[in-house]
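Student: The chain contents come next:
Number of protein chains: 2
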Amino acid sequence: MSSSCEKEILKLRKQIDNKLEKLFTGRQPQSLYEPSSYILEGGGKRLRPLLLMLAYKTVKGNVTGVINAAVAVELLHNFTLVHDDIMDNSDKRRGRVTIHKKYNLSTAILTGDNLLAIAYKYLIKDCGNDANRIVDTFTNGVVEVCEGQSLDKDFETNNSVTLKQYFKMIEKKTAALLETSTSIGAQLANATEPEIKALTLFGRYLGIAFQIQDDLLDVFASEVDFGKFIGGDIVEGKKTFLLLSAVETARGKDLNKLKLLIKNKGVDKKLVNDYKEIYLRLGIIEKAKDEVKKYIGKALKQLEIFDEQKSLALVNLTNSLIDRNY
Amino acid sequence: MSSSCEKEILKLRKQIDNKLEKLFTGRQPQSLYEPSSYILEGGGKRLRPLLLMLAYKTVKGNVTGVINAAVAVELLHNFTLVHDDIMDNSDKRRGRVTIHKKYNLSTAILTGDNLLAIAYKYLIKDCGNDANRIVDTFTNGVVEVCEGQSLDKDFETNNSVTLKQYFKMIEKKTAALLETSTSIGAQLANATEPEIKALTLFGRYLGIAFQIQDDLLDVFASEVDFGKFIGGDIVEGKKTFLLLSAVETARGKDLNKLKLLIKNKGVDKKLVNDYKEIYLRLGIIEKAKDEVKKYIGKALKQLEIFDEQKSLALVNLTNSLIDRNY
Numbered sequence: 001m002s003s004s005c006e007k008e009i010l011k012l013r014k015q016i017d018n019k020l021e022k023l024f025t026g027r028q029p030q031s032l033y034e035p036s037s038y039i040l041e042g043g044g045k046r047l048r049p050l051l052l053m054l055a056y057k058t059v060k061g062n063v064t065g066v067i068n069a070a071v072a073v074e075l076l077h078n079f080t081l082v083h084d085d086i087m088d089n090s091d092k093r094r095g096r097v098t099i100h101k102k103y104n105l106s107t108a109i110l111t112g113d114n115l116l117a118i119a120y121k122y123l124i125k126d127c128g129n130d131a132n133r134i135v136d137t138f139t140n141g142v143v144e145v146c147e148g149q150s151l152d153k154d155f156e157t158n159n160s161v162t163l164k165q166y167f168k169m170i171e172k173k174t175a176a177l178l179e180t181s182t183s184i185g186a187q188l189a190n191a192t193e194p195e196i197k198a199l200t201l202f203g204r205y206l207g208i209a210f211q212i213q214d215d216l217l218d219v220f221a222s223e224v225d226f227g228k229f230i231g232g233d234i235v236e237g238k239k240t241f242l243l244l245s246a247v248e249t250a251r252g253k254d255l256n257k258l259k260l261l262i263k264n265k266g267v268d269k270k271l272v273n274d275y276k277e278i279y280l281r282l283g284i285i286e287k288a289k290d291e292v293k294k295y296i297g298k299a300l301k302q303l304e305i306f307d308e309q310k311s312l313a314l315v316n317l318t319n320s321l322i323d324r325n326y
Numbered sequence: 001m002s003s004s005c006e007k008e009i010l011k012l013r014k015q016i017d018n019k020l021e022k023l024f025t026g027r028q029p030q031s032l033y034e035p036s037s038y039i040l041e042g043g044g045k046r047l048r049p050l051l052l053m054l055a056y057k058t059v060k061g062n063v064t065g066v067i068n069a070a071v072a073v074e075l076l077h078n079f080t081l082v083h084d085d086i087m088d089n090s091d092k093r094r095g096r097v098t099i100h101k102k103y104n105l106s107t108a109i110l111t112g113d114n115l116l117a118i119a120y121k122y123l124i125k126d127c128g129n130d131a132n133r134i135v136d137t138f139t140n141g142v143v144e145v146c147e148g149q150s151l152d153k154d155f156e157t158n159n160s161v162t163l164k165q166y167f168k169m170i171e172k173k174t175a176a177l178l179e180t181s182t183s184i185g186a187q188l189a190n191a192t193e194p195e196i197k198a199l200t201l202f203g204r205y206l207g208i209a210f211q212i213q214d215d216l217l218d219v220f221a222s223e224v225d226f227g228k229f230i231g232g233d234i235v236e237g238k239k240t241f242l243l244l245s246a247v248e249t250a251r252g253k254d255l256n257k258l259k260l261l262i263k264n265k266g267v268d269k270k271l272v273n274d275y276k277e278i279y280l281r282l283g284i285i286e287k288a289k290d291e292v293k294k295y296i297g298k299a300l301k302q303l304e305i306f307d308e309q310k311s312l313a314l315v316n317l318t319n320s321l322i323d324r325n326y
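Line by line, the protein sequences give chains A and B.
First residue of the first sequence: 1, per the working numbering; consecutive thereafter.
First residue of the second sequence: 1, per the working numbering; consecutive thereafter.
For the record, the hints were derived by calculation from the structure and aren't laboratory data.
Each hint should be verified, as a subset may be incorrect.
You can't tell identical chains apart in this list, so a pair holds if it fits in one copy or across any two.
Pairs of lysine-lysine residues, derived as BS3-like cross-links and limited to a Cα-Cα distance of at most 25 Å, are as follows [as the list claims (entries may be wrong)]: (1) K270 - K7; (2) K168 - K121; (3) K101 - K265; (4) K257 - K270; (5) K265 - K102; (6) K153 - K102; (7) K153 - K310; (8) K298 - K121; (9) K60 - K287; (10) K197 - K125; (11) K153 - K101; (12) K168 - K301; (13) K7 - K259; (14) K92 - K164.
Keep in mind that this is a model prediction, so the values were computed, not measured.
With the rest of the complex left out, here is chain A:
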C-alpha cells in the first residue's frame, strides 16, 4: 500500500476507534453496556466503517460528516458477531471469550439487539434530508444478513449444497454488509445514481472475494496470524467454497472422502491434513485464489468511473485486503 494511503487509513481507523471507545461511557444499566463495550474493544480491522468513509471519499475527495454513519455500520457488524457466536456456539472471538460465554445467553441476545438499535441511532445523525433512502439501504443490509445467516444454518443440515447456493448465501451473509457500507458512503456523498450503483457493486464483489478468501485462510493461514485453529471449517464440515468446489471436481476415493466429511458433519482434527492434500491435489486452492482475484477485479473495475486520485485510498484498502497471507 502506498504510504500516504496507509497513513490515511490508519488515521481514519483511529478516528473510528476513538469514537467507539467512548460510545457507552456512563450509560446504564451496566449489565447491558459493559458487554457492549467489551465487544467493541475486541478491535478488528474496522473494515466496514473504512469502506463507508472511503466510498464517500471516492465521490467527494475528502471525508467529513460521516463518522456517525461509519460507527453505525460497525455496530451493525458487531451485532451480527454477538448473535452469530451464540448460534455457532463459539467460545472465542478475536482471541477473547465470546459474550454468551463470558456473561450469559440473555446478556448476549440483549447486547446484540441493543447494538443494532444504537446503530440506527448513529446512522440517523448523519442522514440529513436523505434519511428515508439511507435507512432503507441500511435495513436491507440487516435483512440480508439475517437471511444469509439463516441460509448458512440451513446448510448445516443440507448435504447437497451447490456452489450456486453457496454464492447466494455469502452474498447475503457477508457481501451485503460491505455493500451496505459502500452504498451508504456514496449516498451520504450525494453521489449520482450511476456512482451509487458502482460503489454498491464494488462492495458486493469485494464482499464475495473477502468471504472466499476467508474460507482459504481458514485452511492455509498461519495459526498465529489468523488467531484461531487452522482447519476449523474442515473439522466442523462447513460448506465452504473449498469443500463445495472439491465435491464438484473430485472423483473416486477423494469424492468418497469428501462425502464422508459432509455426512459426518466434520472430521477429527487429525484428518485435517488429508483434506488439505485433497484440496491441493484437485487444484481447489488455485481455483479459490483465482475466484478471489476475479471478484477483486470486478470490484476494482467499478471504480474506474471515479477520479483516480479520489478513489486511490479505496483501491489501496482493497489490495491490502487480498494481501492477507495464505
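Using the hints, position chain B against chain A.
Tutor: For chain B alone, kept in the frame of chain A given last:
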C-alpha cells in the same frame, strides 16, 4: 365501550391483521419467514398499532396513511416477544409453543432480529419528510425496551429491588413501546409539539398502568381468560408491583414469608394461595388497583387538550383495557 367505537377498533384491528397475514408471503428462506409468520399469527390485541392509529386520529380526526407504521410497532413488539421468550425460557406464548421450543435457539434469535429490521422497513414507508425524527423516536423505543429487559434480568439476582426501581424498569420494558406508538402516531399526524408531548405522556402512563394490571392479572385473573397458569409470578418469585409493595408494607411473619419467597427465587405452586392471602390481607390488591386507576387517570388527563370527538376512540380503547377482569 360505545358500540361505534367498538366497531371502529374492530375494523382497524382487522386492517392490521390483514396486512400482517400477508407480510411474508413468498419470502425466502422459509427457515426464517415461516417462524416469522407463526409468531404474527399468534394474534394478540394488536394494542400498539391500535394506539398508533388512534393517536393519529386524536390529532387528525381520521386514520389514513399510517398502516405501515402501525405494522412496524407490532413487528417491534413481536421481536421483543420472541427474544424475551428465549431469555425467560418460556414454553408457551398466547397458548402456543414458543419459537425457540418449536424450532430452535438460532431460529428464534434470527427471527427476532429480522422482525426488528423489517419493522424499520415498514416504518420508513410512512415517514415522508419526517423520517429522521420518527426513526429516532422508534429507535429510542427499541433501546429502552432492551435496557428495561436488562434491568428485569438484573432483578432476578437482586434481592433488594425497590418499588422505585420497579417503576423505572417497567417504564422502559413496557411503557416505552406504548409511548413510542402514540408518539409516532402523533408525529405522523403532523401534531404540534404540545400535542406530541401529550400523546407521548399518554402512552407512557397507559403503559405503566398496563404493566401493574398485568401483575394483578397474573394473580387474580381466571385461568381461562388469561391463557396461562395463575400465580406464575409468585411461583417464579418475580419482583412485581404486588410483591415489592407487600415487602414494603408487611411486618413480622408475613414479611419473613415474603423474604423467603425472594431468597428462594419462588415457591411451590401449592403455596400460591398463601401469598395471595398475604396480598389481600395487606391491602396490596386495592393498592395495585388504585395505582392502575391513578395512571389511567394521568393518561386520560393528557387527552383533554384534544377535540373530544377525535379522541373518543382512544379514550374508549383505554377504558376497555382496564376493564379486563380481575
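Student: Indicate, hint by hint, whether the structure satisfies it.
Tutor: Each hint, compared with the structure:
Within a single copy, K270 and K7 get their C-alpha atoms no closer than 43 Å, and across copies no closer than 70 Å, so neither meets the 25 Å cut-off. When the C-alpha separation of K168 and K121 is checked against a cutoff of 25 Å, the pair qualifies only between copies, where the shortest distance is 22 Å, while the shortest distance within a copy is 30 Å. For a Cα distance limit of 25 Å, the shortest separation of K101 from K265 qualifies both inside one copy, at 24 Å, and across copies, at 24 Å. For a Cα distance limit of 25 Å, the shortest separation of K257 from K270 inside one copy, 14 Å, qualifies, whereas the shortest one across copies, 59 Å, does not.
When the C-alpha separation of K265 and K102 is checked against a cutoff of 25 Å, the pair qualifies only between copies, where the shortest distance is 23 Å, while the shortest distance within a copy is 27 Å. In the homo-oligomer, the alpha carbons of K153 and K102 lie at most 25 Å apart both inside one protomer (24 Å) and across protomers (16 Å), since each shortest distance falls under that limit. Taking the shortest Cα distances, K153 and K310 never come within 25 Å of each other, neither inside one copy (40 Å) nor across copies (50 Å). With identical chains, the CA atoms of K298 and K121 are never at most 25 Å apart, being 33 Å at best within one copy and 30 Å at best between copies.
For the homomeric pair K60 and K287, neither the shortest alpha-carbon distance inside one copy (37 Å) nor that between copies (63 Å) is at most 25 Å. In this assembly of identical chains, K197 and K125 lie within 25 Å of each other by CA distance both inside one copy and across copies; the values are 23 Å within and 22 Å between. Taking CA atoms no more than 25 Å apart as the test, K153 paired with K101 passes in both settings, with 20 Å inside one copy and 17 Å between copies. In this homomeric assembly, K168 and K301 come within 25 Å of each other (Cα to Cα) only inside a single copy, at 22 Å, whereas the closest approach across copies is 55 Å.
Taking CA atoms no more than 25 Å apart as the test, K7 paired with K259 passes in neither setting, with 48 Å inside one copy and 62 Å between copies. For a Cα distance limit of 25 Å, the shortest separation of K92 from K164 qualifies neither inside one copy, at 30 Å, nor across copies, at 39 Å.
Hints 1, 7, 8, 9, 13, 14 from the earlier list are contradicted by this structure; the remaining hints agree with it.
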